[in-house]
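Asker: Put chain P on the given structure of chain V with help from the hints.
Spelled out from the first residue to the last, the chains are:
There are 2 protein chains.
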Amino acid sequence: MSDTYRVQESELTRFCREVFAACDLSPEHAAALADTLVQGELHGLGSHGVSRLLPTYVQRLQRGGINPRPRMRVLSRRGTTGVVDGDDGPGAVVGHYAMDLVLEMAREHGSGWVAARNSTHFGAAFLYARRAVAEGMIGYCTTAAIPIVLPYGGRAPALGTNPICFAIPGGERGDLILDMATSVVARGKIQLAVLERKDIPLGWAVDHDGNPTTSAVEGAKGYLLPMGAYKGYGLAAIVEVFSSVLSGAAVAAEIGAMFSDMDKPQGMGHFFGALDVSGFLPIDEFRERMDRLIEYIKSTPRAEGVEEILVAGEPEARKAALYRVEGIPLAEDVVSAIQQVAADLGVEPLQVICETGPEGMPEL
Amino acid sequence: MSDTYRVQESELTRFCREVFAACDLSPEHAAALADTLVQGELHGLGSHGVSRLLPTYVQRLQRGGINPRPRMRVLSRRGTTGVVDGDDGPGAVVGHYAMDLVLEMAREHGSGWVAARNSTHFGAAFLYARRAVAEGMIGYCTTAAIPIVLPYGGRAPALGTNPICFAIPGGERGDLILDMATSVVARGKIQLAVLERKDIPLGWAVDHDGNPTTSAVEGAKGYLLPMGAYKGYGLAAIVEVFSSVLSGAAVAAEIGAMFSDMDKPQGMGHFFGALDVSGFLPIDEFRERMDRLIEYIKSTPRAEGVEEILVAGEPEARKAALYRVEGIPLAEDVVSAIQQVAADLGVEPLQVICETGPEGMPEL
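If you're matching them up, the sequences are chains V and P in order. 1 is the number of the first residue of the first sequence in the working numbering; add one for each residue after it. 365 is the number of the first residue of the second sequence in the working numbering; add one for each residue after it.
Any given hint might turn out to be false.
Cross-link-like lysine-lysine pairs, in silico, DSSO-like; alpha carbons within 27 Å at most [as the list claims (entries may be wrong)]: (1) P:Lys585 with V:Lys298; (2) P:Lys585 with P:Lys562; (3) P:Lys662 with V:Lys221; (4) P:Lys662 with P:Lys683; (5) P:Lys553 with P:Lys683; (6) V:Lys319 with V:Lys298.
Restraint ranges, calculated between C-beta atoms of paired labels, are given here [as the list claims (entries may be wrong)]: (7) P:Leu686 with V:Ala337: 55 to 63 Å; (8) V:Ala253 with P:Ala707: 56 to 64 Å; (9) V:Glu196 with P:Asp464: 52 to 60 Å; (10) V:Glu254 with P:Glu671: 22 to 30 Å; (11) P:Glu652 with V:Glu172: 47 to 55 Å; (12) P:Ala498 with V:Phe259: 36 to 44 Å; (13) P:Glu468 with V:Leu202: 44 to 52 Å; (14) V:Leu202 with P:Glu375: 45 to 53 Å.
No lab work stands behind these hints: they were computed from the structure. Beta carbons: idealized from backbone N, C-alpha and C, even for Gly.
Next up, chain V with everything else stripped away, as it sits in the complex (with noise of 0.2 Å):
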């Protein structure tokens, strides 16, 4: 039943905006938070999205888990680091302060490194990292979250999926854009293998009591591994210590739940990058070189029913490219849920257009 909406990305930004006024959002926040979730949709992350997010922010900001009126500050600032803190703000509200400031240190040293406290669920990573692309800057930023991660040797979460996103501007190829959990997958790929009746792969997940399993519904009720065994381990702990450690933020179990407990802030970390790429090339030049290196790779060949070798980030924008086109798939009972968050908040529908029907919008 899913992908039996589509919605234009100028109506879904629309739609999110006034949602988020609607819940004291300053209409400069508003608009932030909106296109963070706008953005993760169009890029095919329902995960980072409108689909998984918005009924969640909208009851954190209600029950105050989410502060709707940060104040937010910077602690200290010397050279090229700095450490904000969010006043437990919406994550994307504190990601693009803590972002405003490492852009401008970048700008006037060449680089800016800042840690960010007392900040919330801040949707995906690559959405901080990308707008040092736009200025010719390669972009950093992971983020912590809660644990559901064995370590390697574990038999019980430590760590969170502890993403880490690196953003490089690239020339007529597009830009290379990792922006990856260090689990060997996200937990929304096990979920919906529950949705669909099908085992996972042993090595996905263990059950509750830590034991490997290919059970989808034992591996939903457990933990993640890390990808890699102890490398993804080792990269998560040191996404915990950027994020969390260096921040003065929560660290691990410290940190609050998004889904259980709404009244309750998170005190999550964040990290933000930028290294300008004029300091080591000009950026023309660098462009061209990333345009061959990316030609180089996409050219070595292909493995049997492979149709093509894809970099960082391809798939991602292809996926955008394509919803901006065709509209951004919603499924049913997402759409239901977020019209149903738009009467409870007196906001105008979102103007959905049907595909499986003649009757256009959903009934509620």
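Answerer: Frame of chain V, contents of chain P only:
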């Protein structure tokens, strides 16, 4: 026949210094290169130590593949960014030259980021990154390498094992040092399986035609797979950007082979960085928070049969502590090879302790 001999760290250092001085390196450069190989071996990384590299480095120094008298230069420097030219010198010498600049920048601006071109193989990445740790900073290091790893969806190599290293200063629990290749395993592990006549797990390597294999022999003739499939592949591309593209160095297949073209400089690129912790938190508070993170991770429940959950860098640090007391183990064929190198160069033989027989020094 391995681990038959032991050598003291100080004696191995004396020996390597004399070998490299006999290859026309300045005393300072001979000491830096010696230290790199001794530290690699001391930390249990024979693949990055005397065992695998000494005879090759000597051959390359003699035949022109490494310039023994490099005139290194800072090509550009602005704020926290810069590029150095290694003049085809030993990678370790170039690495420390770049890291000197990085640390100078970081002391002034809170961070420093330097790319190096015209370099050669530099041993283990952690040796450069951990210099930042000694100053209460986070260290970062990447290097490109010749392509032997498949891209996701490929059947021929596109990128090298392209390691990435983060080094974090710790407290009483020690530093957190992640130094990992972005392939599932290093090629050395497959070569070891060949020697031991064992199969390798599916997913480590492919044969020369790009087909998955459990044969160590076929895998050793073939190529490595990236860790975590598209994730390790994506990370390897990011490492290539930092090390090769940004530095203006040779990229991927342009990099010279270390073990074959002995008379040809490699044109290799690396990247080095440091981030001053005190720009975020007082260093003592940070160290205490690191201790808490490490203690928390190590206290999580262990899988059956696992005695202890380790953090990144812990196995290597323990090996180094042990070998400092007991001596560094060297395999018999390694000892034979390096004594031959010494004899050819007129250097006093390495004083080793033979553990398996009464005869003391091995016969050449």
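Asker: Please list, smallest to largest, the hint numbers that this structure does not respect.
Answerer: Violated hints: none; all satisfied.
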